[in-house]
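Chemist: Here's the letter readout for the chains.
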Amino acid sequence: MDSALIPKGLKRCPFGPFVMGIGAVSAVLLWGVFAMLLVWIKGLNQTNMNDYYGFALWIWADLTVIALGGGAFFTGFLRYIIGKDELKNIINYAVLIGFICYSSAQLILGIDVGQPLRGWFIFWHANVHSMLTEVAFCLTAYFGVLTIEYLPLILENRQIDKVPFFHHLSHNLHEIMAVFAATGAFLSFFHQGSLGGVSGVLFGRPFGFREGVFIWPWTFFLFTWSAAAAGPCFTILITKITEVVTQKKLVKDNVIDLLAKISGWMLATYIVVKIVDTWYWATVTAPSKGFNFMDFYSDNAFYGPWILMLEIILGGIIPAVILITERWRKNPGFFITAIVLAVIGVCVNRWVMVLQVLAVPVLPFDRWILYYPSWQEVATTILPVAYGIILIALSYRYLPIFPQEQELNPVK
Amino acid sequence: MEKEHKSQTAHRYGMVIDLDKCTGCASCMVACMTENNVPFKTDESNKQDSITWMRVYKLTNGKSFPNTDICFLPRPCMHCGGIGNHGHSPCVSVCPATATDYSRETGIVSQIYTRCFGCRYCLAACPYHARYFNWWDPVWPAGMEKYLSPNVSPRMRGVVEKCSFCFHRYQLAKDRAFMEKRREIREDEYQTACTQACPAGAITFGDLDDPKHAVYGLKKDKNAFRLLERLQTNPKVYYISSREWVRRSGDNYLSN
Amino acid sequence: MFPFNFEWVWDMSHLVFMGGLGFALNAMGLGITYCIIKAVIDTFKEQGGHHD
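Residue numbers (this note's numbering), protein chains in the order written: chain A, 1 to 412; chain B, 1 to 256; chain C, 1 to 52.
Just chain A, same shape as in the assembly (with noise of 0.2 Å):
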């Protein structure tokens, strides 16, 4: 019924069940939907936050999905700049993904503030020495540049492509895309780092501070290079779960194993320097504020060494280590283990630099506070993923996002 929509020489599944798939997602959506108008109309009380956890289950998917989005700022930085040419085959779906992340954030943010309708404030009455002002304005001009990076893949759906003008923009936007993946590999380098910077800063909270240099603390570094390491593992893992869902090979294998070997070896980095800088504040940092490093991991009833191995450990060096070992890497089985883990290990970061922070008590006579998100939070944090996936089924459908998969489906 669609069929003059879909890219000449591909094939896709009946409209009908593509519809009802839709519609199911869209259900969810609704939900989601549903739990966003109670909070933007009833207020922040609906929420499970309080005056000690201003933070919560909202952020920590905020700075998760703008990591994990980091896919598209890299992978572009690869293919334009460092001209891995063979990337060229995942940087579509790197940008989808991407632009699917920061819409996600950008909408999260808008539920997340107490007042959405002065949200420009941030802007407006902007106070350059805060984190958060430098991720307003870098986050909001790098989904600029990602739409800018999106507009040429919607240009060349079949249709729309048959517009002369059309045609000749997403030819001409192909062409300079370098400047427009170094404006987001500039800006990517400066939100991420900014998200780093908004608990390193914290003097107040000995947990979440770090030195640093100049105006920058570790963990601002820390976050870029997470980012860059962990982002391509999301956009592989998403890539290899589309491939199960539409059951076809859609991106060559030595694509796949260069950005995860490059991948690999960003994650082996950044683990050893964040192994690095958590001896260095856990020695030097917090002592000086009159902290054990136990202190941060004990007498409650959640957080405890665990959570610093499952980041470490599981989260960071076993991970890394497939993913540079070339016969671990080409193992199906241990190398879809290993993007899950990094993945994981970004997640549980996030996690621990927003909510653990906030749970860590630091008045003496303080406690120890523990939260769980209330159902309007998980329902308004699950409406982008399927935002998400709609966004994904609708361009797989209808845009040709993947060069390679006509070579490796061909249609008989």
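You may find that some hints are simply not true.
What the hints assert, rightly or not - The calculated EDC-like cross-link candidates involving lysine to aspartate or glutamate, where the alpha carbons are at most 16 Å apart (straight line), are:
hint, chain 1, residue 1, chain 2, residue 2
1, B, Lys47, A, Asp366
2, A, Lys162, C, Asp42
3, A, Lys88, A, Glu175
As the list claims (entries may be wrong) - Computed footprint of chain A on chain B, listed as stretches where at least three residues anywhere in the stretch have a Cβ under 8 Å from a Cβ of chain A:
hint, segment
4, 92-103
5, 115-125
6, 134-143
7, 157-171
8, 227-233
These are calculated hints, taken from the structure and not from any lab test.
Values in this document were obtained by computation on a predicted structure and should not be read as measured data.
Idealized CB from N, CA, C, for every residue including glycine.
Given the structure of chain A, go ahead and fit chains B and C onto it with the hints provided.
Modeler: Chains B and C in isolation, oriented as in the chain A frame:
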């Protein structure tokens, strides 16, 4: 924040709270809430989302009978001067919309309710939990609107609020001084609601830098301490206690 | 930058921040403007200069 009024002397308004006198009656909390139109919930059992600009904590030395000892500690906003007292309070540095500012004229950390868009970064930054977020719109029991203080604007949901050292009283005192053709205000002309309400006289408020003010001498007491000094937040609220365990409860120390 | 923001001063940190942002926004703006204008020119060239 950068401009200085050279024609006026800069002040650093602060407090000294004598914990030996505090009985934990919480009159200061009540006076503060009345003075500043602080909203409250129907069910106040969950203190984690209650708004208490001034909050009285109960400290204990952790020992069992007969050596148990307790101490009550009222905690307003510390109006931190930040590292080196340059005005980079933990909360001021992080606010993305410049909705909170450190005044070099008074040393008070202000909060602009109409500019705050409720990101709650300042809540995360403050180690003293002095900042509170309006999770609900204020609901005043019928007729109570008539009792609200006309000098303090009520806040709507979605914005952060905190102790302002009764800044409206400073403004009123300045207005009065201006009418009397003088610039400086006297110690007794600007006092916070909690200071005046305390039946034990435990709270003393004034200019920490003015030798004529009581707090100037009190802050130098040998038993004076501040909360979390090692974080270098430079709070303006000093506490006095003759009990060593209380003084030690003011900061974190390594177990060795 | 805007006279309404009374606390705004053009000190080094503001210059660096707005400078960096301006650079990025200009790169994007100029890039997309170039693409659109060139696409219009290419479209007309293709049609042999006729309006449709």
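Chemist: If a hint holds in the structure, say so; if it does not, say that too.
Modeler: Do the hints match the structure? See the list:
1. Between Lys47/B and Asp366/A, the direct Cα distance comes to roughly 13 Å. Compliance with the 16 Å bound is thereby established for this hinted pair.
2. The straight-line distance between the Cα atoms of Lys162/A and Asp42/C is roughly 14 Å, inside the 16 Å bound, and the hint therefore holds.
3. The straight-line distance between the Cα atoms of Lys88/A and Glu175/A is roughly 13 Å, inside the 16 Å bound, and the hint therefore holds.
4. Given a C-beta distance limit of less than 8 Å, the hint that chain A covers the segment 92-103 of chain B holds, as 7 residues qualify and 3 suffice.
5. Beta-carbon proximity to chain A at under 8 Å applies to 10 residues in the segment 115-125 of chain B; the threshold of 3 is reached and the given coverage holds.
6. Coverage of the segment 134-143 of chain B by chain A holds [criterion: at least 3 residues with CB-CB distance below 8 Å; count 4].
7. Judged by the Cβ-Cβ criterion of 8 Å, the segment 157-171 of chain B is covered by chain A as claimed, because 4 of its residues qualify and three suffice.
8. Given as covered by chain A, the segment 227-233 of chain B passes the check, having 6 residues with a CB less than 8 Å from a CB of that chain where 3 are the minimum.
When the structure is compared with the earlier hints, no violation turns up for any of them.
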